[in-house]
Amino acid sequence: MKRMTIFTILISIVIIIGSCGLKRKNPLDPLSNSTIEVPKTIADLTVYTSSAGAANKYVELHWAANHINNTDGYFIYRSLQYYGTYTKVDTTFTNNANHGSKPWHNVRAGEYWYKVSAFKDYSAGRLEGHACQPRWVSIP
Amino acid sequence: MKRSLLTLIILVAACFAFAQRFDIEAFSDTTKYGWKDYSDRSLYRQDLLERQELLHIYEMEANSMWDAVIKSAVVPGWGQFTNKAPTKGSIFLASELALVGVSLYFYDRSLYYYDKYMNANQVEDIENYYNLALAPRQYSMLFLGSAALVWAYNIFDVIQVTGEHNARVWERLMEKHRSSRVNFTANGVEVRF
Chain C
0 MKRMTIFTIL ISIVIIIGSC GLKRKNPLDP LSNSTIEVPK TIADLTVYTS
50 SAGAANKYVE LHWAANHINN TDGYFIYRSL QYYGTYTKVD TTFTNNANHG
100 SKPWHNVRAG EYWYKVSAFK DYSAGRLEGH ACQPRWVSIP
Chain P
0 MKRSLLTLII LVAACFAFAQ RFDIEAFSDT TKYGWKDYSD RSLYRQDLLE
50 RQELLHIYEM EANSMWDAVI KSAVVPGWGQ FTNKAPTKGS IFLASELALV
100 GVSLYFYDRS LYYYDKYMNA NQVEDIENYY NLALAPRQYS MLFLGSAALV
150 WAYNIFDVIQ VTGEHNARVW ERLMEKHRSS RVNFTANGVE VRF
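Protein sequence lines, in the order shown, are assigned to chains C and P.
Mapping the first sequence onto numbering that gives the first Met the number 0, position 109 (from 1) lands on 108, and the numbers just tick up by one.
Mapping the second sequence onto numbering that gives the first Met the number 0, position 13 (from 1) lands on 12, and the numbers just tick up by one.
For the record, the hints were derived by calculation from the structure and aren't laboratory data.
Please read these numbers as outputs of a predicted model, since none were measured by experiment.
Worth double-checking, as some hints may not be accurate.
Claimed, not checked - Example chain C residues on the side facing chain P (calculated, C-beta under 8 Å, incomplete):
| # | residue |
| --- | --- |
| 1 | Leu21 |
| 2 | Lys24 |
| 3 | Asn25 |
| 4 | Asp28 |
| 5 | Glu127 |
| 6 | Gly128 |
| 7 | His129 |
To be verified - Here are some, though not all, of the chain C residues that point toward chain P, as calculated from beta-carbon distances under 7 Å:
| # | residue |
| --- | --- |
| 8 | Leu9 |
| 9 | Lys22 |
| 10 | Pro26 |
| 11 | Leu27 |
| 12 | Val37 |
| 13 | Leu126 |
To be verified - Pulled from the structure, derived: some chain C residues nowhere near chain P, Cβ distances all over 12 Å:
| # | residue |
| --- | --- |
| 14 | Arg2 |
| 15 | Arg23 |
| 16 | Pro38 |
| 17 | Ser49 |
| 18 | Ala54 |
| 19 | Ile67 |
| 20 | Phe74 |
| 21 | Arg77 |
| 22 | Leu79 |
| 23 | Gln80 |
| 24 | Glu110 |
Every residue gets a Cβ at the ideal spot worked out from N, C-alpha and C, and that includes glycine.
Generate the whole structure from the sequences, applying the supplied hints.
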């Protein structure tokens with residue numbers, strides 16, 4: 000009986016040790032650092048494209064600006080499929096972007112998915128928030 | 000004061016009342032050990048010497064408890080092997096290796112995702128990688144705890160195994176001693192034909 004009790008106590012200690020958490024040491028982790036404010040997900044994303052047959056094709060994106068307290072800029076992502084791999088195509092510090100306006104932008108006719116996420120710069124690095132729902136774009 | 004004095008007097012009286020006289024006759028009785036004559040005494044002496052010799056052999060053949068405990072503490076199962084319990088030793092060694100191995104595997108997986116968590120700068124990645132690192136870390140701790148449990152039980156077991164081994168050694172020696180044709184026992188000489 001005594002042996003059984005000791006065994007039960009030891010098993011309990013093992014389970015308690017096993018359930019111990021892992022320290023959140025990432026300086027950008029909002030759950031470990033109360034000074035970190037997560038950039039809000041952007042809202043009201045609207046998309047315009049260049050007209051059919053345009054020589055320089057582009058995609059214009061507009062959205063509601065986040066508060067300056069939680070956002071310093073925005074990342075623009077593009078993919079060929081909704082659940083595909085999204086590539087960062089532009090970085091902007093205002094609440095609009097023109098993908099196709101810069102020489103290194105590669106915009107061709109076709110169907111794409113665009114999404115935007117906000118970021119905030121901290122001394123430990125740049126923290127990026129959740130991206131918005133992808134928006135389908137057809138460039139004629 | 001009066002009560003204390005009365006108690007003291009009662010105690011002294013009780014000491015005198017229950018005190019035993021020194022019995023010089025019982026003290027000088029030569030037959031109290033069962034020796035009737037000189038040959039009896041000689042046989043008893045012979046038996047005592049043989050027992051001492053047996054004890055000496057036992058001390059040489061028996062295993063030290065502390066040695067076994069230290070061996071099993073360093074390598075689980077080692078103490079059991081030296082105490083002629085190879086099955087138990089193998090089980091302890093194998094289970095300890097397996098548990099520590101699995102624990103290290105999960106710890107490695109946890110470190111892999113924890114590094115990714117530390118380098119992540121996207122809120123989703125931070126949360127995902129932390130959760131991915133957390134589960135293997137808990138498994139690792141559980142298996143490590145189980146390994147510690149097995150290790151502790153191994154120490155407890157080696158104490159028992161050493162005791163059993165030493166008991167067997169003593170029984171074997173006694174058996175050998177009894178199987179000899181002439182035995183000197185406390186009751187007299189025992190001769191087998």
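Here is what the structure says about each hint:
1. Leu21: Since chain P brings a Cβ to about 5 Å from Leu21/C, closer than 8 Å, the hint holds.
2. Lys24: holds (7 Å)
3. Asn25: This interface hint holds because 5 Å falls under the 8 Å limit.
4. Asp28: Hint on Asp28/C: holds, closest Cβ of chain P at ~5 Å, below 8 Å.
5. Glu127: For Glu127/C, the interface hint holds, since the closest Cβ of chain P sits about 4 Å away, which is under 8 Å.
6. Gly128: Result: holds, 5 Å to nearest chain P Cβ.
7. His129: holds (6 Å)
8. Leu9: holds (5 Å)
9. Lys22: Since chain P brings no Cβ nearer than about 9 Å to Lys22/C, farther than 7 Å, the hint is violated.
10. Pro26: At about 9 Å, which exceeds the 7 Å cut-off, the nearest Cβ of chain P leaves the hint on Pro26/C violated.
11. Leu27: holds (6 Å)
12. Val37: holds (5 Å)
13. Leu126: holds (6 Å)
14. Arg2: violated (9 Å)
15. Arg23: Violated, since 6 Å does not exceed 12 Å.
16. Pro38: violated (8 Å)
17. Ser49: With a cut-off of 12 Å, Ser49/C remains clear of chain P, as the shortest Cβ separation is near 30 Å.
18. Ala54: Given that every Cβ of chain P is farther than 12 Å from that of Ala54/C, nearest at about 36 Å, it holds.
19. Ile67: Nearest chain P Cβ is 18 Å from Ile67/C, so the label holds.
20. Phe74: violated (9 Å)
21. Arg77: Consistent with the label, Arg77/C stays out of reach of chain P, its closest Cβ about 17 Å off (over 12 Å).
22. Leu79: Per Cβ check, Leu79/C is outside 12 Å of chain P; nearest 21 Å; holds.
23. Gln80: holds (19 Å)
24. Glu110: holds (25 Å)
In this structure, the earlier hints numbered 9, 10, 14, 15, 16, 20 are contradicted, and the remaining ones agree with it.
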